[in-house]
Amino acid sequence: MSTITTAPPIQTRGLTKRYGALTALDNLTLEIGPGQIFGFIGPNGAGKTTTMKILSCLLEPDSGAASVCGFSTATHPDEVRRRIGYMPDFLGVYDDLTVDEYLQFFASIYSIPRKNRSTIIGQVLELTDLTVKRDALVDGLSRGMQQRLGVARVLVHDPQVLFLDEPASGLDPRARIEMRSLLVELGKMGKTLMVSSHILSELAEMSTSIGIIERGKLLYAGSIEDAYAKTKAAANISERINIKLEEGSIPASMIAPRLASDARVASAKPDDAQRTLSIDLAQGEHGHHFLLEAIMNSGGRIAGFTPEPIRLEDAFLKLTTGALQ
Amino acid sequence: MSDAGAIPVAPLREATWLRRQVAKLRPRAWMGRVPGPVFQKEVWSINKRLSTSWLRLAYGATLLGIVALTFITIYFEAQGSRYTPYGYRSSTAATLQQYQSVAPVITVTIAWTQFVLLALVACALGAPAISDERRGGTLGTLLSTPVTAWQIILGKLLSRMLELTILMLLSAPLLLAIRAFGGVPGWYILAVYALTFMTALVGTQLAIFLSIKSKRSGGAFMTAVTVQGALLVGIPLLVFVVLMMATGLMGAAGGPPAWVQWIFVPSSPGVMLFLSTEVMAPDAPFTNWGSRTWIPCVFSLLGLWFLLFMISSLRLRSVMMSDAGGGRVSKPVKAPKPVVAPKGSAATPAAPLTTQDAAESPQSKTKRRASRVREGLSRVVGDPAVLWRERELRLMKMGPWTRGIAATILVLGVLALYWIAMMHQAVAITVAMVGVFGILLNAAGVNASSIAGEREGRTLDVLLTSPLSSADLVRQKFLGGFLRLWPLWAIVVVHLLAFNFSYPIALVLRQIDLFIPATWQVNWGRDLNWTGAYSSIWTIPMFVAALAPPVAMLCASGVFFSTLTRKTTRASVFNLLLALALWVAAPAFLGITMSITGEIDPLIVGVLWPNPFVLSSAPLVELIQDRGSVTSMLDYDFGMPESSGLSLFQMWFVLIIVGALYLGAAAAFLRLAAARLRKNAGA
Numbered sequence: 003m004s005t006i007t008t009a010p011p012i013q014t015r016g017l018t019k020r021y022g023a024l025t026a027l028d029n030l031t032l033e034i035g036p037g038q039i040f041g042f043i044g045p046n047g048a049g050k051t052t053t054m055k056i057l058s059c060l061l062e063p064d065s066g067a068a069s070v071c072g073f074s075t076a077t078h079p080d081e082v083r084r085r086i087g088y089m090p091d092f093l094g095v096y097d098d099l100t101v102d103e104y105l106q107f108f109a110s111i112y113s114i115p116r117k118n119r120s121t122i123i124g125q126v127l128e129l130t131d132l133t134v135k136r137d138a139l140v141d142g143l144s145r146g147m148q149q150r151l152g153v154a155r156v157l158v159h160d161p162q163v164l165f166l167d168e169p170a171s172g173l174d175p176r177a178r179i180e181m182r183s184l185l186v187e188l189g190k191m192g193k194t195l196m197v198s199s200h201i202l203s204e205l206a207e208m209s210t211s212i213g214i215i216e217r218g219k220l221l222y223a224g225s226i227e228d229a230y231a232k233t234k235a236a237a238n239i240s241e242r243i244n245i246k247l248e249e250g251s252i253p254a255s256m257i258a259p260r261l262a263s264d265a266r267v268a269s270a271k272p273d274d275a276q277r278t279l280s281i282d283l284a285q286g287e288h289g290h291h292f293l294l295e296a297i298m299n300s301g302g303r304i305a306g307f308t309p310e311p312i313r314l315e316d317a318f319l320k321l322t323t324g325a326l327q
Numbered sequence: 043m044s045d046a047g048a049i050p051v052a053p054l055r056e057a058t059w060l061r062r063q064v065a066k067l068r069p070r071a072w073m074g075r076v077p078g079p080v081f082q083k084e085v086w087s088i089n090k091r092l093s094t095s096w097l098r099l100a101y102g103a104t105l106l107g108i109v110a111l112t113f114i115t116i117y118f119e120a121q122g123s124r125y126t127p128y129g130y131r132s133s134t135a136a137t138l139q140q141y142q143s144v145a146p147v148i149t150v151t152i153a154w155t156q157f158v159l160l161a162l163v164a165c166a167l168g169a170p171a172i173s174d175e176r177r178g179g180t181l182g183t184l185l186s187t188p189v190t191a192w193q194i195i196l197g198k199l200l201s202r203m204l205e206l207t208i209l210m211l212l213s214a215p216l217l218l219a220i221r222a223f224g225g226v227p228g229w230y231i232l233a234v235y236a237l238t239f240m241t242a243l244v245g246t247q248l249a250i251f252l253s254i255k256s257k258r259s260g261g262a263f264m265t266a267v268t269v270q271g272a273l274l275v276g277i278p279l280l281v282f283v284v285l286m287m288a289t290g291l292m293g294a295a296g297g298p299p300a301w302v303q304w305i306f307v308p309s310s311p312g313v314m315l316f317l318s319t320e321v322m323a324p325d326a327p328f329t330n331w332g333s334r335t336w337i338p339c340v341f342s343l344l345g346l347w348f349l350l351f352m353i354s355s356l357r358l359r360s361v362m363m364s365d366a367g368g369g370r371v372s373k374p375v376k377a378p379k380p381v382v383a384p385k386g387s388a389a390t391p392a393a394p395l396t397t398q399d400a401a402e403s404p405q406s407k408t409k410r411r412a413s414r415v416r417e418g419l420s421r422v423v424g425d426p427a428v429l430w431r432e433r434e435l436r437l438m439k440m441g442p443w444t445r446g447i448a449a450t451i452l453v454l455g456v457l458a459l460y461w462i463a464m465m466h467q468a469v470a471i472t473v474a475m476v477g478v479f480g481i482l483l484n485a486a487g488v489n490a491s492s493i494a495g496e497r498e499g500r501t502l503d504v505l506l507t508s509p510l511s512s513a514d515l516v517r518q519k520f521l522g523g524f525l526r527l528w529p530l531w532a533i534v535v536v537h538l539l540a541f542n543f544s545y546p547i548a549l550v551l552r553q554i555d556l557f558i559p560a561t562w563q564v565n566w567g568r569d570l571n572w573t574g575a576y577s578s579i580w581t582i583p584m585f586v587a588a589l590a591p592p593v594a595m596l597c598a599s600g601v602f603f604s605t606l607t608r609k610t611t612r613a614s615v616f617n618l619l620l621a622l623a624l625w626v627a628a629p630a631f632l633g634i635t636m637s638i639t640g641e642i643d644p645l646i647v648g649v650l651w652p653n654p655f656v657l658s659s660a661p662l663v664e665l666i667q668d669r670g671s672v673t674s675m676l677d678y679d680f681g682m683p684e685s686s687g688l689s690l691f692q693m694w695f696v697l698i699i700v701g702a703l704y705l706g707a708a709a710a711f712l713r714l715a716a717a718r719l720r721k722n723a724g725a
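Chains as they are written, first to last, in this note's numbering: chain P, 3 to 327; chain S, 43 to 725.
Be careful, since some hints might not be right.
Just a sample of chain P residues kept apart from chain S, beta carbon distances all over 10 Å, derived [claimed, not checked]:
{"hint": "1", "residue": "Ala76"}
{"hint": "2", "residue": "Val95"}
{"hint": "3", "residue": "Ile122"}
{"hint": "4", "residue": "Lys271"}
{"hint": "5", "residue": "Leu294"}
Chain S stretches covered by chain P per the calculated footprint, using a threshold of three residues with CB under 8 Å from any CB of chain P [unchecked claim]:
{"hint": "6", "region": "495-503"}
{"hint": "7", "region": "525-531"}
Hints listed in this document are in silico derivations from the structure and should not be mistaken for laboratory results. It should be emphasised that the depicted structure is a prediction, and the values quoted were computed from it without experimental measurement. In this text, a Cβ means the ideal position worked out from N, Cα and C, and glycines have one as well.
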């Protein structure tokens, strides 16, 4: 058996998958280290689910190879299945089972000894905060609870790698926060997570690394910090500052040209109606004092001064429009 | 502001409730909403589907094939009769006479073919109507628009009836051509179309009604087929037989009396079609059945449809309200007491449960009542898990009321039969054969939703990412479905046992008569004479050995078909068609071919013996009906009506060989299913 103990938990080499004329995955090469929470980002139809399905042995790639914990998905699917937990974007439920029976069902499928099942189920229910619903029918649970049950289900056999496809989709804000905390907790337990989501702010908060995919091509894979740095470099700015002017101050449009003439300012966008100025600083290390001086010297009275952080949304937009290509 | 110059407006009069209701009844108020947008959308979507074209093609080809075969058979038979001792008669008159003799047979063939096929197609078209909308989450959207529940039901029904009418009209050119040659009365053709149309209407409405509560269209389809069969054929036939036997009129010359006609007429289009056909025959036993008896039957079916339509509309609304959380709550839900840790315990007291957390929603309670799960008590899942779950599923999901009604009808029907005909071996065999039909019908559907159902419920992907192999999954699904049929087996076996011990049972039942007034006494088993057991000890083992292998094959083919399609209805239809092709069409085709060529025995025997109806009836006929002629083991003479003269050992040999063939086919289907599942796991 070709077990490679030091192999990364998730690895793909040149994965390509086509559906007729559509190329769902185009030469995808990816490596995710142990204990990482990998946020997989991309527009609808980008190839996220296809990648997860190949890694979960549900699909075979047309070319390329994928391995999980050192086991090839093509040659050792049984070994891979024992080490992964896959949660699809929509949790299909058996409407005639209770939460406990549902988890027992999967515990049996994963050949967990009967004597240990009750304890394990109790633990995963506690972790997912579903203990009170142990004897409730699965079909009667709310969407948020069903999603949490989905997570409980993938934890029953204590897999090393988790593939979670849109785990927070359709959840209310509270349930999303709870789900995020749960996934962070799993990351702390040393599990490797591949999480796809459209809610980028959530991924930014919990992911240790991200991958951005569009039309089957992996545009970026690496740490979030690197993604931000690349975004800033692509936009040729180092920082964005939002300035709010007081009522009675001279209009923003009169201050903007003066600021724009400074070499350290990449652009200055005024909005007289809102009395705001949005200033992009050019690449390089710059303090903020020169901006304050310039505005005050122009007769502007500052009500607020807020440096705007680069968000994952910005990185996503920049990267998916091919700005880095 | 001054009111000067303002146009005086008459104060608005609010219409009374009565006026509003009357206004709703005006044709202008509702005519514009019929057939409505749902109808248009359904017609558009049905016509766009590739499966619709295939359905029309397959239906037309089947009809044409059957008609061609019948024509060839009858034509050649008639051709043979044109040889005379003086030579071959080849006059135009003789040819016309020949065509005239062919015409009624072809008409009857078309009538029955389209009657049976359209009854099936009606259920197949109606079954996904609402369940697909519910699963897709589009029903809630529909009901949040001004479209009413009855408009949805009517739109779905009319669109399907349009498709069924198109299929029905495919036979019109054939029937009209036949009519041109004469030999078939016009009223018969009209009766055929009217009865077929009304049966299809009731079948579609029944399937739509069942699909309202069903999450799987396949389940709704199989239930619709069963209920339709019971409602339109089984129960009326049972009532008819009981009435005829009770009055001692069975087999009497001139057929049943008028009062039986009027009880029977409104109930069954199948029987009506049979009787209408009989009237045409020159030596018909039911000659006193008029050629217009089918008309009240059509009106009674119309009434049945309207009743089903009304119930469906009301039920759809209530189901939607329940789904949306607006179901009626019988009493307020009490919040449970907060859980407090005992004094001195190191454990942190658990947070008090909120009412929302602990209380069960009304919908969930309804679901729990419908399931086998008892409140606060989960079952222990057995190993292997998939097999356990399959076995836990019900063969047919019925509420307590429906279950009670069905059980009452069954028990009363069988009791009535026993009362009337405890000694009639033919009745015992007929009941067992109805059981055979029921088992095979359910076997065709029981596993058709196995994999397709997992796809529909979107649970298949999760199963396939587990260590459970495709082969294991398929095997457990197959076995679970096979074992789920046990109640039907039990009914037939209990019936055979009861028949065997009918004399002691009758003696016990007679004791009941001692406690009731003389005028009400039943006099159970009045004709019984105790002559020991009424069937051989081999009856049940042979019956099971004959039927179990084809049932296993049908369960396996069901699993295979369910890997081919995402729709459970399609899988059920494919499996039913396989059964029809193997056990009805193939013998019919061969029988016709044999009668043309004059070559009989080896092939027809080869095809007919594996037929489960023949295979299971042979032991019953020999071991029950002909029991009296058997005095030793050597006297057994198993076979078809013509008798093949098989001894007991030879019969067992046939059963083992045929059984092995069926089990081999079952294994092949399972292998194919597993391979297919592996290949298209994530598709």
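Here is what the structure says about each hint:
A cut-off of 10 Å between C-beta atoms confirms that Ala76/P is not in contact with chain S; the least separation is 12 Å. Residue placement check: Val95/P does not keep its beta carbon more than 10 Å from all beta carbons of chain S (closest about 7 Å). The non-interface label for Ile122/P is consistent with chain S: the shortest C-beta to C-beta separation is roughly 13 Å, beyond 10 Å. Listed as outside the interface, Lys271/P is consistent with that label: its C-beta sits roughly 42 Å from the nearest C-beta of chain S, beyond the 10 Å cut-off.
At roughly 50 Å, the least C-beta separation between Leu294/P and chain S is larger than 10 Å, which holds for a residue marked as non-interface. Against chain P, the region 495-503 of chain S contributes 6 residues with a C-beta closer than 8 Å to a partner C-beta. That satisfies the three-residue criterion, and the hint holds. With a threshold of 8 Å between beta carbons, the proposed coverage of the region 525-531 of chain S by chain P is violated, since 0 of its residues qualify and at least three are required.
Hints 2, 7, counting from the list given before, are not met by this structure.
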